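*Asks:* Protein sequences, first through last, are from chains X and W. Okay, so the first sequence: first residue is 267 according to this note's numbering, each after it adds one. Okay, so the second sequence: first residue is 202 according to this note's numbering, each after it adds one.
Some clues are possibly wrong.
Claimed, not checked - No farther apart than 25 Å at their CA atoms in a straight line, the calculated lysine to any residue pairs in the SDA-like style are these: (1) W:239 <-> X:440; (2) X:423 <-> W:237; (3) X:296 <-> W:220; (4) W:239 <-> X:435; (5) W:239 <-> X:306; (6) W:244 <-> X:435; (7) X:353 <-> W:246; (8) W:233 <-> X:429; (9) X:296 <-> W:238; (10) X:461 <-> W:240; (11) W:239 <-> X:429; (12) X:353 <-> W:255; (13) W:244 <-> X:355; (14) W:233 <-> X:444; (15) W:233 <-> X:297; (16) W:233 <-> X:431; (17) W:239 <-> X:459; (18) W:244 <-> X:458; (19) W:239 <-> X:431; (20) W:233 <-> X:437; (21) X:296 <-> W:235; (22) W:239 <-> X:340; (23) X:423 <-> X:339; (24) X:296 <-> W:225; (25) W:233 <-> X:298; (26) W:255 <-> X:452; (27) X:461 <-> W:246; (28) W:239 <-> X:300; (29) X:352 <-> W:248.
Quick caveat, the hints were computed from the structure, so don't treat them as lab data. These numbers come from a predicted model, not from an experiment.
The primary structure of each chain is shown beneath.
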Amino acid sequence: MIDEGLKSELSKQGIFTTTFNELIEWGYNKGRANSVWPLQFGLACCAIEMIAASMARYDIARFGSEVFRPSPRQADLMIVAGTVTKKMAPQVVRLYNQMPEPKYVIAMGACAISGGPFKQGYNVLKGIDRYIPVDVHIPGCPPRPEALLHALMTLQKKIEEQHLTGPQQARHLNPEAPSEFPVPEYGEHDLVPPKNEAVWQPPKQAKDDTQGNV
Amino acid sequence: MPDQPYLLLVIFILAAIGFALLPLGVAALWAKFFSPAKPGPDKNATYECGLVSKGDAWVQFKSEYYLYGIIFLIFDVEVIFLMPFAVAFGGLSVGAFIAMMVFILLLVEGLAWAWVKGVLTWK
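So that you can see chain X by itself, here it is in the shape it has in the complex (with noise of 0.2 Å):
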């Protein structure tokens, strides 16, 4: 293993050292992050942003990501494109679990990410995170295509940066790791269970009571 000190001191010089398990990383990694065929479905108008971003004007093919697949079987990224009504979310968990590994969820739009404006209804999900891993997410109502571009590029960034092994190993290469996760059910008043604890924790809130203010 070469010092880190020296590898740093080389490049400067216009040397680049690098291992085998890094080649075979960066090989990886690049081709995974240059073709994330994302799962072609949308729920609310945050899809016609969606399909806007997929079009000539925005043109996502420059990412790799223009092959939008109708089954889950072949797509690597579930976009939660709009409202995910409790109705719908244990479709939308179910689906994801149907996804092949490595698999990765941009959750797109302040609905997907938070429940938006219908946050206070009561037939809303707030926020998909709730019931699994979500690598990004994008604020706005709805996000212009250049934020979902954005967001695609900051995926692959973080696919990127996975490795095959260590402590930074991809998820998905762990087999310990789950690759399902639970599917709520429709309970008398809400979801069953309302959130996958495993998942997705309540924000710890910061309560000042010195200053009086809360």
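Start from chain X and add chain W according to the hints.
*Replies:* Showing chain W alone in chain X's frame:
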């Protein structure tokens, strides 16, 4: 290699087989050593737009269209043959008459079949 004219073909075939098998082999090895298979009840289930599929996919499907085909043949195609048959009836030989009767009998058989199947009754 003038004495081995087929050697080049053999090399081409081997190269072609290798070209096909090498990526498959690499992919299989990669899956074996790096990428663990993660099957599950949802992933192995039949895909039906995210819904739980109801019943068995291997159901028997009754094809109904052949009945329409038979009726069409009797009431549409047969008429086209009956018109010239009626016009030329006086000058027909016995052999031609028998041949025509056999043809009509075949189609009447179809009509009887459709009748027994209950196609002719309005439901």
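*Asks:* Confirm or reject each hint.
*Replies:* Checked hints:
no.: 1; hint: W:239 <-> X:440; in the structure: 10 Å, holds
no.: 2; hint: X:423 <-> W:237; in the structure: 23 Å, holds
no.: 3; hint: X:296 <-> W:220; in the structure: 23 Å, holds
no.: 4; hint: W:239 <-> X:435; in the structure: 16 Å, holds
no.: 5; hint: W:239 <-> X:306; in the structure: 23 Å, holds
no.: 6; hint: W:244 <-> X:435; in the structure: 23 Å, holds
no.: 7; hint: X:353 <-> W:246; in the structure: 20 Å, holds
no.: 8; hint: W:233 <-> X:429; in the structure: 17 Å, holds
no.: 9; hint: X:296 <-> W:238; in the structure: 22 Å, holds
no.: 10; hint: X:461 <-> W:240; in the structure: 23 Å, holds
no.: 11; hint: W:239 <-> X:429; in the structure: 19 Å, holds
no.: 12; hint: X:353 <-> W:255; in the structure: 18 Å, holds
no.: 13; hint: W:244 <-> X:355; in the structure: 17 Å, holds
no.: 14; hint: W:233 <-> X:444; in the structure: 18 Å, holds
no.: 15; hint: W:233 <-> X:297; in the structure: 19 Å, holds
no.: 16; hint: W:233 <-> X:431; in the structure: 15 Å, holds
no.: 17; hint: W:239 <-> X:459; in the structure: 24 Å, holds
no.: 18; hint: W:244 <-> X:458; in the structure: 21 Å, holds
no.: 19; hint: W:239 <-> X:431; in the structure: 18 Å, holds
no.: 20; hint: W:233 <-> X:437; in the structure: 16 Å, holds
no.: 21; hint: X:296 <-> W:235; in the structure: 16 Å, holds
no.: 22; hint: W:239 <-> X:340; in the structure: 15 Å, holds
no.: 23; hint: X:423 <-> X:339; in the structure: 24 Å, holds
no.: 24; hint: X:296 <-> W:225; in the structure: 20 Å, holds
no.: 25; hint: W:233 <-> X:298; in the structure: 18 Å, holds
no.: 26; hint: W:255 <-> X:452; in the structure: 17 Å, holds
no.: 27; hint: X:461 <-> W:246; in the structure: 23 Å, holds
no.: 28; hint: W:239 <-> X:300; in the structure: 24 Å, holds
no.: 29; hint: X:352 <-> W:248; in the structure: 21 Å, holds
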